[in-house]
Amino acid sequence: MSRPTSTTLNKLTEYDKLQQILDKVRDLKQSLANIFAEYEHGQPSWPTILDEMNVLSSQITTLRASIRQMLPLLRTNSIIPMCLSPENDPNIEQLTERRLSIFNHDFMPQLLRTKNLPEIEERERVLNINSNMNNNISFGRTITTPNEIQIRVQELNSLLMKISELFQHTKDMTDKSEKLFDKQTFTNPLETKRLLEAMNYGIGLKAPDTSSSSSSPITTNEQTNLNQQISTQPRVLAPPVRIRTLPKPNR
Amino acid sequence: MDPAQLLITQNRAFPSLEYVLQGSIQDDSAHLLKARLQGLCDNITGEVEQFDDHEIVHTLRIPGASNVSLRVRYALDDMPNPIYHLRYVASAELDKSQSVSVRQFHDCCVTKNIQSFLQELGFMYDHEFFAKGDIFRKGRMKITVAKISSLLERNRSDMNPMQIRRPLTASCFVEMSLIGSMHDDKVADEMKTFAEQLKPLISLEKIDQKR
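Protein sequence lines correspond, in order, to chains E and Y.
When the letters of the first sequence are read in order and numbered with UniProt numbering, they come out as residues 1 to 251.
When the letters of the second sequence are read in order and numbered with UniProt numbering, they come out as residues 1 to 211.
Hints are not guaranteed to be accurate.
In silico DSSO-like cross-links for lysine-lysine, where the CA-CA straight-line distance does not exceed 30 angstroms [stated by the list, open to error]: (1) Y:K186 <-> E:K179; (2) E:K179 <-> E:K193; (3) E:K179 <-> Y:K96; (4) Y:K206 <-> E:K183.
If you are wondering where the hints come from, they were derived from the structure by calculation, not from laboratory data.
Small disclaimer: the values here were computed from a predicted structure and weren't measured.
So here's chain Y without its partners, still in its complex pose (with noise of 0.2 angstroms):
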């Protein structure tokens, strides 16, 4: 029913479902939610996984239905020759008795000429974001701490986009998922335990559905 999940639909036979929490919390207690996160999960190595991502968002307006957004994805350190990774969300299922938001889930990787296939699909470009944060594992819950950043102005002649950042506020964003194949009930149970955890430092919620 969803074209961007029809297009989609050959790299997964089945569709998936992801589990999420989302919250933020401060710059400056950002290292407490840190530690503790560091000693909740699964920590093997001792050395916590960091990202360094920039997002674009591109989006297919179809006139009298909703939009379609695809997100692409790709590593600002290993710049070279990043692996894009294109990711497509539905928005958040409206059921109240779940504790957690569910929503359609998919991705794939994909070669570094997505984006003008895209254009050629009559995708438009949306917004793009810097996320620059730290990933922490917990079974198959996956905690990503990242500070969010939009680029000061798109000047295409500044080929460092490292230096046009600008943090978009003073806090993290904070966002527990987990991906499945089907509800399950207990996923998110474990999934809202674990942000139990978390307070008082943060209280992870569902999305907001007011849009």
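In isolation and in its complexed conformation, chain E is listed as follows (with noise of 0.2 angstroms):
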């Protein structure tokens, strides 16, 4: 492919860099038909792709890296040193492994470019821009200026009193439905009492019987003029009384 350079004392040294660079290559070609190869079996899996890019990255980082060292002798060298013709080679063709075929006008430019196309740049440049805001946004980024600085405080210190102010509002809002909810009340412990008595020991219920002549005076539930009344009065007089209210009409 190119021409070791004619000097004697360095020509087996290059010669040395330029096979490593050729290595490096073939391994570059050997990363990128496996995950070829990969992508016809069916579709990898994300950290299947994310390692083979690992290595593809790190074996473009290694052979740019060893052929920059090489600079400037490539720079005195012709690599290709072919020239320009419309008429289809072999020779081309078996160096490329038949993806070329003719060395012309038209592919010439491509191969030899040294910046990418121009639809490939602008979407780049979208790329870079888009993570940059979402660097500012995340707030990732590294601030340098004193003045940046002052204006990124004054923004979270107004973000921070809107939220302080928000939470402010909520628990005000909440305490006040709250108290009211406490103010009021649903039962009434007087009442509660009243009703207990009444259900569990008939306090309250005993009315004084008007329509009876027996004077009980079984209003409240005394227990000692319970007692009274039950020595000193026959058991007979009230029982008739109630005999006839209740289950008369049902007869």
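Could you fit the two chains together into a complex? Lean on the hints.
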């Protein structure tokens, strides 16, 4: 592919360096082939893709580093000493593994270009802008100028103020509604007491019997009163009264 | 030992226990409690069961011993031929460790001559009241929210008791009860947990023992 320089002193080492570069290119080609093979088998998993990309990028980096070492040498030599021609060239075809058969005006500028295509550059630019914006949003970007720091601090402070106001407002609202709810009473302890006494012991339900002549003072449930009543009054007095009141209408 | 207990023992082979928690809620908040109960309780039909009962309490006074009260209750809604229901509830057991009141309980259905029969036995009319409200069920638990009213005056000639009712208070009586056969802490816990869910609307408590 390339011809070693004729400088006798550095001949071997330069040749070796070229060989190294060729090895690295071969490795890179192998890795690329692996990736394509994986893709042909089906969509590989994301971690696998990342692994492959990692390998590729490190290989490219080392390749570029070694080429850069040889830059002075490469600049003084033509690497592909060939003429443009519209004719098919089997030699080229063999070298490029049948990817390229003609060395003409159409292909050469593409192959020898050092810059990306304008469209690709545009896409890259957009991506860079986006990533910068993302960095800005997540504050991951390092700030250098004192002025920028000042602005950032103010931004953060105003945000914090807004948040704390929001919290304060919500807290006030919940406190208010809680207080209202707490103030609301659902039960009346006095009435609870009366009801429970009435239901369990009949206190308050023992109304004076107005229609009956018996002077039973059973308005309150004082045990002493009741006991006295039992001892003094014959049992017969009250019962007939009750017998007629309720069962009668049902008969 | 208890005459009333002996009297009704034939109806039940084993002593029953009633676990009770009681409380009250003001009339204007009662709908809140009912809504919550409707949400929490077993509610298949979507309708709340209502009741309107008349209960008459008869007491046998035994000199030198504690009184025995029997409660006769019937539903006013099936008035032509109501089923009379006789109930005996002892006073709650004095057990501080229990989180709910536990009391002996007996009940049975009786014929309509029960009242005259009780009179013959020496029971005396003690008091009566009306309870009208809703009943909710949650598993074995029964929760009643009832308006308690007393008779304005015991007028024998007035045969319509509906018109002579006087609400006892401006609150509804709320009782959560469960009938079990023996002491079971799980039951008490179950009731207490359910009562917790009704707070802060109502706080259901044990029966006051200070009497």
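Here is how each hint holds up against the structure:
| no. | hint | result |
| --- | --- | --- |
| 1 | Y:K186 <-> E:K179 | violated (35 angstroms) |
| 2 | E:K179 <-> E:K193 | holds (26 angstroms) |
| 3 | E:K179 <-> Y:K96 | violated (34 angstroms) |
| 4 | Y:K206 <-> E:K183 | holds (25 angstroms) |
The earlier numbered hints that this structure contradicts are 1 and 3.
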